[in-house]
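Asks: Chains as they are written, first to last, in the working numbering: chain A, 5 to 117; chain B, 526 to 640.
Do not take every clue at face value.
Here are the computed lysine-lysine pairs in the DSBU-like style, where the Cα-Cα straight-line distance is at most 30 Å [unchecked claim]:
#1 A:K61 / A:K75
#2 B:K574 / B:K593
#3 A:K61 / A:K15
#4 A:K61 / B:K574
#5 A:K61 / B:K577
#6 B:K577 / B:K602
#7 A:K18 / A:K61
#8 B:K593 / A:K61
#9 A:K15 / A:K75
Residues from chain A shown here face chain B by an in silico Cβ test under 8 Å; the list is partial [unchecked claim]:
#10 P47
#11 A57
#12 L59
#13 E60
#14 R63
The hints are simulated quantities; they were obtained by calculation from the structure and are not laboratory data.
Using N, Cα and C, we set each Cβ at its ideal position, and we do this for glycine too.
Below, each chain spelled out in residue letters.
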Amino acid sequence: DTGVSQNPRHKITKRGQNVTFRCDPISEHNRLYWYRQTLGQGPEFLTYFQNEAQLEKSRLLSDRFSAERPKGSFSTLEIQRTEQGDSAMYLCASRRQRNTEAFFGQGTRLTVV
Amino acid sequence: GNSVTQMEGPVTLSEEAFLTINCTYTATGYPSLFWYVQYPGEGLQLLLKATKADDKGSNKGFEATYRKETTSFHLEKGSVQVSDSAVYFCALSEDGGTSYGKLTFGQGTILTVHP
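Next up, chain B with everything else stripped away, as it sits in the complex (with noise of 0.2 Å):
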């Protein structure tokens, strides 16, 4: 079945730091892989995404490449701020066959972004 690891947290950075959350994945197919964010109080919001091998999601800042070669989708991005402090969820999905779509997450990653 499919599976998500992400790197064991929390993760306590200063403001302008750079940023790496490491994932990786087992796929029976090929998955859409995704990046969620969950803000104190509040549900999970995408991130960003990507649908094949080699493409980049970006979006706030934040990047990830999806490597099929090394099963990985890790997220970074350059200068944290305090507002990025949030749990961070790498998840795959897919959309072939009986699939339907569902998504298959990793336990999360709390990231604490001190000024």
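If we strip away everything but chain A, and leave its shape as in the complex, we get (with noise of 0.2 Å):
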């Protein structure tokens, strides 16, 4: 058990440039979960895996916004046209099934300029 994987850890670029994260999950976690976080405020929830189903997306993920997880296994979310306001830590959990612990990743950090 290696813990979820996230890269980069950290991603500075210009306004106007597309970004994407990579996310690997634990293995055999079938559920994956993206969150933004900005200074000073907890986690908000972006979108939800449940092997390679997208089932839920929440009303902050705009059309900018855009996430997949081919076969299952890792996920990307891929951010096109970057805005200073899109600039927050995004992280990436995954659990195993109901009921059961969530774990996060070390997140990468976004910031625009």
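Build the complex from these two chains, which are given one at a time in their own frames, with help from the hints.
Replies: Encoded structure:
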């Protein structure tokens, strides 16, 4: 059990550029979540995958955001045409099944300049 | 919708002092309740949880009791240490229907413990 891995840990990008983050969940965890955390706030839910199916998306996830989980393994979160308001920590979490603990990665800190 | 409210922070204590961090929640069903901790430079870690009313979660000297009548899940520790300095998040999740177990977090409470 190597834990949830997120890459990159930090990303600085210019406004208008596209960025992509990767999350590798704990193997055999079929549930995967993305959250966004801004300074001084708790994480906010963005989207949820059960295996390869994206089953829920928050209203926070605008059309510029897209997430995938091909083959139900790793997941990617892409932000197109980044804006300064997208600057935040993006967290990934995975869990095995219902009513089990969710494990979090260390996050990707995005700074849009 | 669901929501979690934590006491305003930050909280600054001396070593061996008693800690309480208040947490109240609003939920449509019967959620599970959690406390997560985030140490400097690290990811979120589950500290303790309770899955039904009157359950008490405990870990590392921390305790919290699921109080359905007051919709609360206050975190307590009898004697804090410098190593407890971190950000603490109260959270809830519901695993029924279409809720899929996503977590709803409070805004976090920064705890600083001085020697």
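Asks: Take the hints in turn and mark each one as holding or not.
Replies: Structure-based check of each hint:
1. A:K61 / A:K75: Holds, at roughly 19 Å.
2. B:K574 / B:K593: Answer holds: K574 of chain B to K593 of chain B is near 14 Å, not above 30 Å.
3. A:K61 / A:K15: holds (23 Å)
4. A:K61 / B:K574: Given pair K61 of chain A, K574 of chain B holds - Cα atoms ~25 Å apart, limit 30 Å.
5. A:K61 / B:K577: holds (27 Å)
6. B:K577 / B:K602: Answer holds: K577 of chain B to K602 of chain B is near 21 Å, not above 30 Å.
7. A:K18 / A:K61: Status holds; Cα separation ~26 Å.
8. B:K593 / A:K61: holds (29 Å)
9. A:K15 / A:K75: The given pair, whose Cα atoms are some 26 Å apart, holds under the 30 Å limit.
10. P47: holds (5 Å)
11. A57: violated (11 Å)
12. L59: holds (6 Å)
13. E60: Nearest chain B Cβ about 6 Å off; hint holds.
14. R63: violated (11 Å)
When the structure is compared with the earlier hints, violations turn up for hints 11 and 14 and for no others.
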